[in-house]
Amino acid sequence: MSEALHHKFNTILIGVAFSPNLKNNIFEAMRMVDFFDCKMIIVHVGEKTQEKEDKIKALISGFSEDHEKVKVIWKQGNPVEVIIETAKTNHADLIMLGAIPREDFLKFYIGSIARKITRHAHCSVLLLIKPSEDLRPCNHIVVNGLQDEKTRQTILDSFEVAQNLGAQKLTIVEEISHQEVKVVVEDDRSLLKDTLIKEQLAKKEDLRVQHILEDVPEDLKYGILIKTQSIFGKRGYSIGHYAKVVAADLLIMNAPERTTFLDRIFIQDIEHILSELPTDVLIMR
Amino acid sequence: MGNSKSNTSKFISELPKNMFSGFVVSLIALPLGLGLALASEAPPISGVIASIVGGIVVSIFGGSNVTITGPGNGLVVVLLGAITILADGNMYQGYIFTLAAIICSGVLMIIIGQLRLGTLSDFFPSSAIQGMLAAIGISIFAKQFHVMLANTSIKGDTLSMLADIPTSISVLFTPEYSDIVIAAVVGVSSLFIMVFYGKIRNKYFQLVPAPMWIVLIAIGLSYYYEFFSTEAYPISASLLVQIPNEVFSSFPRPDFSLLLDMKFIGVVVSITLISTIESLLSIKAVDKLDPLKRRSNVNKDLTALGIASIVSGFVGGLNVVTVIARSSVNVNNGGSNRSSNFFHSVFLILFVVLFQDQLRRIPLTALAAILVYTGYKLAAPKNLKDVAKIGKEQLLIFSATVIATITTNLITGILVGILTTILIHFVLNKSIMFFVRNLFKPNVLMFKEEINDNYFVSIKNFSSFMNYTKLKKKLDTIPENEDAVVDFSLCDFVDYTVQESLIGYQETFKRKGGSFEITGLDIHGASSEHPLAVRSLIPFSKKLKVGPKSNLTKRQFDLQQIADDFSWNYDPKKDENVLALSDFVFFKIKKVSYLNNAIFDQRDVFRISDVVFSEGEFIARSLVRTTVLTIKLNKEIPKFTLDKEGLLEFVYKFAGFKDVTIQGHPDFSKRFYLLGEDTENIRSFFTDEIVLFFESNPYYHIECNGQSLLLMRKERLASIKEIKALLDYGTRLEKIISGTQYDEIVLKTPKIKT
Chain A
1 MSEALHHKFN
11 TILIGVAFSP
21 NLKNNIFEAM
31 RMVDFFDCKM
41 IIVHVGEKTQ
51 EKEDKIKALI
61 SGFSEDHEKV
71 KVIWKQGNPV
81 EVIIETAKTN
91 HADLIMLGAI
101 PREDFLKFYI
111 GSIARKITRH
121 AHCSVLLLIK
131 PSEDLRPCNH
141 IVVNGLQDEK
151 TRQTILDSFE
161 VAQNLGAQKL
171 TIVEEISHQE
181 VKVVVEDDRS
191 LLKDTLIKEQ
201 LAKKEDLRVQ
211 HILEDVPEDL
221 KYGILIKTQS
231 IFGKRGYSIG
241 HYAKVVAADL
251 LIMNAPERTT
261 FLDRIFIQDI
271 EHILSELPTD
281 VLIMR
Chain B
1 MGNSKSNTSK
11 FISELPKNMF
21 SGFVVSLIAL
31 PLGLGLALAS
41 EAPPISGVIA
51 SIVGGIVVSI
61 FGGSNVTITG
71 PGNGLVVVLL
81 GAITILADGN
91 MYQGYIFTLA
101 AIICSGVLMI
111 IIGQLRLGTL
121 SDFFPSSAIQ
131 GMLAAIGISI
141 FAKQFHVMLA
151 NTSIKGDTLS
161 MLADIPTSIS
171 VLFTPEYSDI
181 VIAAVVGVSS
191 LFIMVFYGKI
201 RNKYFQLVPA
211 PMWIVLIAIG
221 LSYYYEFFST
231 EAYPISASLL
241 VQIPNEVFSS
251 FPRPDFSLLL
261 DMKFIGVVVS
271 ITLISTIESL
281 LSIKAVDKLD
291 PLKRRSNVNK
301 DLTALGIASI
311 VSGFVGGLNV
321 VTVIARSSVN
331 VNNGGSNRSS
341 NFFHSVFLIL
351 FVVLFQDQLR
361 RIPLTALAAI
371 LVYTGYKLAA
381 PKNLKDVAKI
391 GKEQLLIFSA
401 TVIATITTNL
411 ITGILVGILT
421 TILIHFVLNK
431 SIMFFVRNLF
441 KPNVLMFKEE
451 INDNYFVSIK
461 NFSSFMNYTK
471 LKKKLDTIPE
481 NEDAVVDFSL
491 CDFVDYTVQE
501 SLIGYQETFK
511 RKGGSFEITG
521 LDIHGASSEH
531 PLAVRSLIPF
541 SKKLKVGPKS
551 NLTKRQFDLQ
561 QIADDFSWNY
571 DPKKDENVLA
581 LSDFVFFKIK
591 KVSYLNNAIF
601 DQRDVFRISD
611 VVFSEGEFIA
621 RSLVRTTVLT
631 IKLNKEIPKF
641 TLDKEGLLEF
651 VYKFAGFKDV
661 TIQGHPDFSK
671 RFYLLGEDTE
681 NIRSFFTDEI
691 VLFFESNPYY
701 HIECNGQSLL
711 LMRKERLASI
721 KEIKALLDYG
731 TRLEKIISGT
741 QYDEIVLKTP
751 KIKT
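Keeping their order, the protein sequence lines are chains A and B.
According to UniProt numbering, the residues represented by the first sequence are 1 to 285, in order.
According to UniProt numbering, the residues represented by the second sequence are 1 to 754, in order.
Just chain A, same shape as in the assembly:
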């Protein structure tokens, strides 16, 4: 366990299209590779032409000549399948995808391809809302603290990510949903009850997260301000809202359970986040 912990990401895969964002996407990926000291695979789904090859070569030229470290793969087919398959065969443990800004350039969503990849990938996925050429420091990371069996691992992993990215603050968010409180506020008495129950739930949730935090090795916690925060809202969705309110630089979430057709109709958990990216989102697997 602890071995995996210290090398969370060994191979990062980035899917590229020859869009105006190409340069920024590749630069972001190269920085990640640098932070995590790992290998990089660039995948382009489409025809391999000399022109395209030159372009990519030019972009990565300044980075590394080491062919072991950077690999470019050209493949034709269904983008979703190609990327997922390539990630699997090359043992990639992180797929990076860029988001598309909405009309007003303030909201971001990810296209249907990226969304499908997110759902079906075997490994972690990082969604970037605004890939940029320059380094944007990652100061504040928000991690979900949902009551879920995966949460423990997500929190442990996120500390490694935080250390690698040089984050200064990490907030673990416990979401308390309306259903859990089970009180309908109608008058002063039910309000009092509601307030008490919420306080208890918040305490309980906090205790649970504190237990997990005790297991995080001290060296991973070093230099990071750790906070916990209970929020009241829709599970899986409000955490995105919170990340936006506190202007977090990265949101780390558990991977969703295998989504079924029904989940897409009754949108839940991660789907809400995908429909409106609040910031960069890392989905841990």
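Be aware that a few hints might be false.
Said to hold, decoys possible - Below, in silico cross-link-like pairs of lysine-lysine (DSS-like), each with a Cα-Cα straight-line distance of 30 Å or less: (1) A:Lys-182 / B:Lys-288; (2) B:Lys-473 / A:Lys-182; (3) B:Lys-670 / A:Lys-227; (4) B:Lys-472 / B:Lys-510; (5) A:Lys-130 / B:Lys-430; (6) A:Lys-193 / B:Lys-300; (7) A:Lys-203 / B:Lys-510; (8) A:Lys-39 / A:Lys-88; (9) B:Lys-288 / A:Lys-203; (10) B:Lys-632 / B:Lys-670.
Since the hints were made in silico from the structure, they are not lab data.
Please arrange chain B on chain A, whose structure you already have, making use of the hints.
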């Protein structure tokens, strides 16, 4: 256990007070009940039955505290329509069908209450609701104006009845109709009483509510003709209230044979819709007047109203809703718990049993006058102006609703209002997708900030009447004595309904000692591409007018002079922060609108300002202006109120306080009414020096809330001379109080107690 015991004893100790307010309310409920029933073309007594049943049932099963229940204004139009159409013009048959509809709507209300669907009423845009109420007002006004002029045979739709008003007036001046002139004169005089009642601030006159004055005068007139005049009573029997002899023995039987008829179902839906909206609006407004600042359980109340409507329908009464005018009268007269609603019913029963003969002497024209006034208040041009101030688009929604309601019916009217609002929102945002995409997304996040325990609520995407319940649900779970910040900076569009409702929250939080701040809207105002509605609304339509100095009135100019003489500051601007006043007993059950024309010293110890407040809503809504002086004290002193003996104007408002006599100063105790809870401390505070001061100086109403003093004399603005005198008095009083050695006494007394 001890708690419930003390609750019971408190309840019992407050009974006399509630009995009194119940009595005053019944004085209004009687004429209104008769009038509302008449306006609906139902037997007059049916309105009184609704009040009686409502008061008894809702006081037992309800979830609110100081509300009064009975027949409502809004229902008049629906019931009138129902009674006229259900039996194709046969009024009595129509009434019996309508009773069945009332019972069915009672069942629906119980379902709404039990399923906790009270929040459904939030799905109506507030301009549309205002439009609907205005339309109801216009309809009542249009019909009752004729009745007031003794023309009871008028028929037709609202517009034609409005157009016919000049005819009804001119008819009075033709000789062949001379027999109805007296009745019309009674009607018009009654209207004058309604209009000018609020202007006469005489304590004895105000003890009896305006509608009761009308009834008393009308009955008195009939007795005059019976005993002192040789002529016969000049108002014919057809223009007098008719009450059956056996009110409580034979009830009409509701006829359910139309149960599956579309017309009938439509009536049931309308009755349910209007009574739910009217009740919820009233409960919300009355909660703001509750001196004990409790929160009503609206769902429980709706259930109780449903039960009451069923019972009322079975005994021949109209349906029961929560009514605002009577409720605020209740609060103003010291009603503090549900027993006042109960007592109002008991007194009504007594009236009907004991004064049947007198009731039959009331002319319809007098009752119609009460309704004309009510209708006018609902439709007052002032409401239109207020809406227009918020923005042209609100005016459009309002007008569309009014026109649609008047020309068709209430349901269509409110639907048109909703559709217009939605369309306007689409146009303002130039996007339909924006709403479609975000409508069902959970857009509200709430968390408690660690640093200062604030509740922080953030709203995303858009916030309008369509998704307001999501926000409301969260806001309702914040205790009102905490601090809350509601942030709209992530929200692209906020409509008027939401903002108006947030203002309500703001008031409630202020009253209960918390704070409720709305942030992030100013960003919207700055951005040019933003919807008009939002921008025009940021100061929430109560935009403070910063008048340039040259615009000052004479009085303001003089006030400036006074300030200059004292080398104090003067600020003519409106100040909406009325928090400092809400602590004083005098303002507890009043709604302070704003303060202006403040004169204050550099340290802000003394502050004279004009206060504009209202004593409850609706009939009693006339704004009162007064000038007060507040003095911040540098130490705690006991709470008390001091008034001149015999001047009941102020005193009757402070029920619960005990009269305190000061030993050794019989003259003082004789001349002044000193009230307070902590008798011991007050006695020790009133030293010889202070007593002497009060004895040798002019009289003011003085109130102390522990830290500050409130001084005022009359319920009107003070003249410049009076302000000078008040200032002089205030400064001398402050000197004496700060000079007394009171602190040690305060410290000692609690020790002895423990």
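We went through each hint and held it up to the structure:
1. For the proposed pair Lys-182 of chain A and Lys-288 of chain B, the alpha carbon gap of about 27 Å is at most 30 Å, so the pair holds.
2. With a C-alpha separation of about 13 Å, the suggested pairing of Lys-473 of chain B with Lys-182 of chain A holds against the 30 Å cut-off.
3. Proximity of Lys-670 of chain B to Lys-227 of chain A is assessed by CA-CA distance (about 66 Å); at most 30 Å being required, the pair is judged violated.
4. Between Lys-472 of chain B and Lys-510 of chain B the CA atoms are separated by roughly 18 Å; this keeps the pair inside 30 Å, and the hint holds.
5. The straight-line distance between the Cα atoms of Lys-130 of chain A and Lys-430 of chain B is roughly 26 Å, inside the 30 Å bound, and the hint therefore holds.
6. As the CA atoms of Lys-193 of chain A and Lys-300 of chain B are separated by approximately 17 Å, the hinted pair is consistent with the 30 Å bound.
7. With a C-alpha separation of about 29 Å, the suggested pair Lys-203 of chain A and Lys-510 of chain B falls inside the 30 Å cut-off, and the hint holds.
8. With a C-alpha separation of about 14 Å, the suggested pair Lys-39 of chain A and Lys-88 of chain A falls inside the 30 Å cut-off, and the hint holds.
9. Under the criterion of a C-alpha separation no larger than 30 Å, the hint pairing Lys-288 of chain B with Lys-203 of chain A is inconsistent with the structure, at around 34 Å.
10. For the suggested pair Lys-632 of chain B and Lys-670 of chain B, the alpha carbons sit about 29 Å apart, so the restraint of at most 30 Å is met.
Hint violations for this structure: numbers 3, 9, all remaining hints satisfied.
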